[in-house]
Amino acid sequence: VLAFDAMNAFLEAEQVDLSRIVHGDQKFTYERPVRPGDVLTATLTVASLRQIAGADIIGTTSEITDDSGAHVCATSATLVHRSADA
Amino acid sequence: MSSPLSPGDALPPQVFVVHRDDLVRYANASGDHNPIHQDEDVARSVGLPGVIAHGMFTMALAARAVHTWTDGAEVVELGCKFTKPVVVPAEDGVEIQVAGTVKDVSDGRTTLALEVTCGGEKVLGMPRAVLRA
Numbered sequence: 001v002l003a004f005d006a007m008n009a010f011l012e013a014e015q016v017d018l019s020r021i022v023h024g025d026q027k028f029t030y031e032r033p034v035r036p037g038d039v040l041t042a043t044l045t046v047a048s049l050r051q052i053a054g055a056d057i058i059g060t061t062s063e064i065t066d067d068s069g070a071h072v073c074a075t076s077a078t079l080v081h082r083s084a085d086a
Numbered sequence: 001m002s003s004p005l006s007p008g009d010a011l012p013p014q015v016f017v018v019h020r021d022d023l024v025r026y027a028n029a030s031g032d033h034n035p036i037h038q039d040e041d042v043a044r045s046v047g048l049p050g051v052i053a054h055g056m057f058t059m060a061l062a063a064r065a066v067h068t069w070t071d072g073a074e075v076v077e078l079g080c081k082f083t084k085p086v087v088v089p090a091e092d093g094v095e096i097q098v099a100g101t102v103k104d105v106s107d108g109r110t111t112l113a114l115e116v117t118c119g120g121e122k123v124l125g126m127p128r129a130v131l132r133a
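Respectively, the protein sequence lines represent chains A and B. Start counting the first sequence at 1; every next residue gets the next number (this note's numbering). Start counting the second sequence at 1; every next residue gets the next number (this note's numbering).
One or more hints might be untrue.
Said to hold, decoys possible - Here are the computed lysine-lysine pairs in the BS3-like style, where the Cα-Cα straight-line distance is at most 27 Å: (1) B:K103 x A:K27; (2) B:K122 x A:K27; (3) B:K84 x A:K27; (4) B:K122 x B:K103; (5) A:K27 x B:K81; (6) B:K84 x B:K122; (7) B:K81 x B:K122; (8) B:K103 x B:K81.
Rather than coming from a laboratory, the hints here were simulated on the basis of the structure.
Just chain A, with the same shape it has in the complex (with noise of 0.2 Å):
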């Protein structure tokens, strides 16, 4: 949910029209459990961009840290943008 609030804002920031974005896929991967009353902060990074047959497919990666700065979990997701002409 962290991560999906900075794909969130990144999809905001990119004015994205939301139906036209489907999630290809998604990975987790964790060093520690997360656990209550934790701190986390979601960095949210563009990997990749690649375009195949109208279609926008941006790879993402999201590295999730506690208040001290220690890894907690990295995430990948690819979205994929279907154009209105595609």
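Position chain B relative to chain A; hints supplied.
Positioned in the frame of chain A, the structure of chain B alone reads:
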């Protein structure tokens, strides 16, 4: 974990029924208000067969099955591709089945290969969980 898992073990399939109101609750909980998960007209307008479940919701059902099989073992990796949309009809909802096989047990880690199907068709590509167990 209640009993140790060994490579090759088949885990008993679990069935979840998904309704449209589950998708509304998932949208509110996750913040993913993409209308393709709630509005039939919008879903069809972008070429989908109807309202579809959030991929992350289907993935969460797989995670719940893993939790049940392993008595809540610590998940260190969880991943899949969203290969086929899960269409959720307005009235009766739809059934999702999660099956699993133990692939590997080594170095204190157990790898499960999952199979997540809807109407007999796989909806997730290579769903996999790695547990610290």
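_Hints violated by the structure (listed by number, smallest first)_ = Checked against the structure, no hint fails, so every one of them is satisfied.
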